[in-house]
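Chemist: Model the full structure from these sequences, guided by the hints.
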Amino acid sequence: MNITHQGLLYTLLTAYLLFLIFFSWRLSNNSDNNGKQYLFGNGFGFFLSFLGISASLFSTFTLQGMPAFFRNHGVASWVFLGVTDVALAGLLLFFGLRMRRFVHRLATDSSNQTSAKNLTEWFKQSGLSKATLWFFITAITLFMIPYITIQIKGAAVLLQSAIPLGESQLLWSILIVGLILGYSWFGGIRAIFITDAVQGLILLITVWVIAAFAIQAAGGMSALFADVAAIKPALLSAPGPNGTLNWQFLLIAFISIVLMPYVQPQLATRVLVAKSDKAFALSTVALGIFAILVILPTLFIGLRSVALSSEGDFILNLINHDAPAFFYALFIVGVLAAAMSTADSQLLAIGTEWSSAIVNKDIQRHSSARLLVKGIAIPVALIALVLAQSSFKSLVLFSINSFIGTSLLLPIVLASVIKLPHWRSALIMSSWIAVIIFVPVMLGILPRELLSLRVELWLYAVLGLLMAIAYRQHCQYSRKPIHNKALFNYP
Amino acid sequence: MKDQTSNSKPTVASLPIYFPIVVIVLSFLAIISTSLPNEIQQYPSALGFPLVLWFWLVVTALLAILTIGMAWKVISRA
Numbered sequence: 002m003n004i005t006h007q008g009l010l011y012t013l014l015t016a017y018l019l020f021l022i023f024f025s026w027r028l029s030n031n032s033d034n035n036g037k038q039y040l041f042g043n044g045f046g047f048f049l050s051f052l053g054i055s056a057s058l059f060s061t062f063t064l065q066g067m068p069a070f071f072r073n074h075g076v077a078s079w080v081f082l083g084v085t086d087v088a089l090a091g092l093l094l095f096f097g098l099r100m101r102r103f104v105h106r107l108a109t110d111s112s113n114q115t116s117a118k119n120l121t122e123w124f125k126q127s128g129l130s131k132a133t134l135w136f137f138i139t140a141i142t143l144f145m146i147p148y149i150t151i152q153i154k155g156a157a158v159l160l161q162s163a164i165p166l167g168e169s170q171l172l173w174s175i176l177i178v179g180l181i182l183g184y185s186w187f188g189g190i191r192a193i194f195i196t197d198a199v200q201g202l203i204l205l206i207t208v209w210v211i212a213a214f215a216i217q218a219a220g221g222m223s224a225l226f227a228d229v230a231a232i233k234p235a236l237l238s239a240p241g242p243n244g245t246l247n248w249q250f251l252l253i254a255f256i257s258i259v260l261m262p263y264v265q266p267q268l269a270t271r272v273l274v275a276k277s278d279k280a281f282a283l284s285t286v287a288l289g290i291f292a293i294l295v296i297l298p299t300l301f302i303g304l305r306s307v308a309l310s311s312e313g314d315f316i317l318n319l320i321n322h323d324a325p326a327f328f329y330a331l332f333i334v335g336v337l338a339a340a341m342s343t344a345d346s347q348l349l350a351i352g353t354e355w356s357s358a359i360v361n362k363d364i365q366r367h368s369s370a371r372l373l374v375k376g377i378a379i380p381v382a383l384i385a386l387v388l389a390q391s392s393f394k395s396l397v398l399f400s401i402n403s404f405i406g407t408s409l410l411l412p413i414v415l416a417s418v419i420k421l422p423h424w425r426s427a428l429i430m431s432s433w434i435a436v437i438i439f440v441p442v443m444l445g446i447l448p449r450e451l452l453s454l455r456v457e458l459w460l461y462a463v464l465g466l467l468m469a470i471a472y473r474q475h476c477q478y479s480r481k482p483i484h485n486k487a488l489f490n491y492p
Numbered sequence: 017m018k019d020q021t022s023n024s025k026p027t028v029a030s031l032p033i034y035f036p037i038v039v040i041v042l043s044f045l046a047i048i049s050t051s052l053p054n055e056i057q058q059y060p061s062a063l064g065f066p067l068v069l070w071f072w073l074v075v076t077a078l079l080a081i082l083t084i085g086m087a088w089k090v091i092s093r094a
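In the order they appear, the protein sequences are chains V and B.
Take the first sequence: its letters are residues 2 to 492, numbered as in this note's numbering.
Take the second sequence: its letters are residues 17 to 94, numbered as in this note's numbering.
Where hints are given, some of them may not hold.
To be verified - Among the chain B residues that face chain V by a calculated CB cut under 7 Å, a handful are: (1) Leu31; (2) Pro36; (3) Ile37; (4) Gln57; (5) Gln58; (6) Ser61; (7) Gly64; (8) Leu78; (9) Leu79; (10) Ala80; (11) Met86.
As the list claims (entries may be wrong) - With a straight-line Cα cutoff of 20 Å, these simulated SDA-like cross-link-like pairs (lysine to any residue) come out: (12) V:Lys233 x V:Asn73; (13) V:Lys279 x B:Trp88; (14) V:Lys276 x B:Lys89; (15) V:Lys420 x V:Thr133; (16) V:Lys233 x B:Gln58.
Calculated directly from the structure, the hints in this document are not laboratory data.
This structure is a prediction, so every number in the text was calculated from the model and none was measured.
Note that CB positions come from ideal geometry on N, CA and C, so glycine has one too.
Modeler: Written out as C-alpha cells, the structure is:
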C-alpha cells in the first residue's frame, strides 16, 4: 500500500469515526430507556424500512463474498444471489402483509394495546409455551452467532491487511466489537439507521465505480467475458468449475434465504414495525431494485478479477490495478460500515428477543429495556469475537448453514398462527426434530445425502408437507374457503 | 407517544394467490435451467454474455416487474 492509499484510508476512516461519535453524542442527549423508543422507534416509514431490511441482508458478504462467489463459481452465482434476493422481495410483499395483518388482529383479539413488534412478543400473545419460546430463541441465537462472527472477521482481516495492528486481526476485532456496542448503546435502533444509511450509500457507490473501472480496464463488456471464456470457460455455466452450484445447492439456498424475514428477528422486526402497509410495500419494491443494483456490479468485479493476479486479497488487487486510490479507501470503510450495520442490528434483535422472553410484560413498555438488551448483546458479541479468531473457511461454511438452520424454525412461526392444539404441537415438534437432525449433518457427524438427495431437501419436503396439511386443517377449522382466505389468517 | 403501527388499520385485503406462485415458478425455472447442457448455457449472445445469463437476468427483471405491479395495487388501495 503506497502513501496515497494510506493517507486517504486514514482520512476516510477518521471521517467515518467522527461521524459515528457525533451521532452517538446527539442521540445520547435525547435518549431515554423506554423500550419502544430504543428498540423499535415510532414505526418506520418507507425509507427506513427499506434501509433496515436491505442493510440487514447486505453485509460484508456483499462487498467481499459476492465478487468472490462469481470469481470462484461463475455466472450461476446470479441464481443464488440475484434471482433469490429479488424473489425474496416479492414473496416478502405477499407474506409480509399477511404477517402484519395477523399480528394486528392478534393484538386486537387479545385486548393488547399494542401490536407485537418482534417474534417473541408475537409468540407470547399467541399463547405459545415458554419451552417453545426458549427453544426458538436459543436456536436462533446459536445459528446467528456465526453470521455476526463473519461480519467481525471480514472487516478485521481487511483492516489488518491495510493497517496492521500487531500480528493478528485480534486488536481490530476488539476495536470493531467495542465500536458496535458503544455506538448502539447510545442510540438503539436510531443509531443503527445511521450505519444502515452510510452502508447503503457506500455500498452502491463503491460496487458500481469499481465495476465501471473493471469493465473499462478489461476493454469493454464483451472483452471481459471473452477473457473469462479463454481462461476458465467453466465459469460461464452452471454448476461452475467446482460443481458447487448444482440444482440441489441452489434450491436449498433459495428456500433458506427467502424464509429469512419470517424467522430471523432482525428482519421480522422490520416487517412488523413499518408504519403502514404502503410504506412496507414500497420498501419491498426498493429492496428488490436495490438487490439488482448491488449484485449486478459484483458479477463484473468477480469475473474481471479472474484475469488478474490471484495473490492476496483479489478485490484490493483489482482496485489497485484498475481504479483510483480513493476507491481503495472507500472500499475498506464500506466493509467496516457494512459489518457494523449488519452486526449491530443482529445484536439488538437477539438482545430484544431474549429480553422479551425474560420479562413478563411487553418489552416495549419496560423501563430498563436498554439495560436488558445490552446485558444480552454483550456476551453474544464476546462469543462472536472469540469465534472470529478461528479458521475463516469454516466460518463461511457455518454462516451459510446458519441460514438453513434458521429456516427450519418456520413451523414454529406457523404454529403460532394455528389454533388446533394437536397440529400446533406437531409443528413445534417437527421443528425440534428437524434441528436435531440438521445439526449433526452440519457438523459432519451424519451423512450429507440420503438416496442422492441432500438431507436439507428431505427436511424441507417433510416440513413443507406437514405445514401444508396443518394449514389446510386450520382453514377447515375456520370454516372459510382456502382460496378466499389470506394465509396466516386468524380464526 | 402514540403507537402508530398498532393503531393504523391494515389497508390491504389480500394480494392474489397467483402472485407468490408465479414468483416461485419463475425462480424454479431459473434453478432448473442450471441443469441444461454446457454448450447451450455458454452459447455467446449480446454483450458477450452467455445465453443462460441473459435468461436469468430476464427472470430477475420479470420478478422485479411483478413485485412492482403488486406493490402498486397495495399503494393505490392505501
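Chemist: All hints are to be evaluated individually against the structure, with a verdict given for each.
Modeler: Here's how the hints hold up against the structure:
At its closest, the beta carbon of Leu31 (chain B) sits 5 Å from a beta carbon of chain V; the interface hint therefore holds under the 7 Å criterion. The restraint placing Pro36 (chain B) at the interface with chain V holds, with a minimum CB-CB distance near 5 Å, inside the 7 Å limit. Residue-level restraint check for Ile37 (chain B) is violated (minimum Cβ-Cβ distance to chain V is 10 Å; threshold 7 Å). Residue-level restraint check for Gln57 (chain B) holds (minimum Cβ-Cβ distance to chain V is 4 Å; threshold 7 Å).
A least Cβ separation of about 5 Å between Gln58 (chain B) and chain V falls short of the 7 Å threshold, and the interface hint therefore holds. Interface restraint check: Ser61 (chain B) against chain V, minimum CB-CB distance 10 Å, threshold 7 Å, status violated. Because the beta carbon of Gly64 (chain B) sits about 3 Å from the nearest beta carbon in chain V, less than 7 Å, this interface hint is met. With its C-beta approaching chain V no nearer than about 9 Å, Leu78 (chain B) sits outside the 7 Å limit, and its interface hint is violated.
Taking 7 Å as the C-beta cut-off, the interface hint given for Leu79 (chain B) holds, the closest approach to chain V being about 5 Å. The criterion of a C-beta within 7 Å of any C-beta in chain V is met by Ala80 (chain B), whose closest approach is roughly 5 Å, and the hint holds. Given the 7 Å rule on beta carbons, the hint for Met86 (chain B) holds: about 6 Å separates it from the nearest Cβ of chain V. Of the supplied pair hints, the one linking Lys233 (chain V) and Asn73 (chain V) holds, its CA atoms being roughly 10 Å apart against a limit of 20 Å.
In summary, the hint linking Lys279 (chain V) to Trp88 (chain B) is supported, as the alpha carbons are separated by about 9 Å, within the 20 Å threshold. In summary, the hint linking Lys276 (chain V) to Lys89 (chain B) is supported, as the alpha carbons are separated by about 18 Å, within the 20 Å threshold. Distance hint between Lys420 (chain V) and Thr133 (chain V) is fulfilled; the C-alpha atoms sit about 15 Å from each other, no more than 20 Å. Taken as a hint, the Lys233 (chain V) and Gln58 (chain B) pair is honoured in the structure, with Cα atoms around 12 Å apart against an allowance of 20 Å.
The earlier numbered hints that this structure contradicts are 3, 6, 8.
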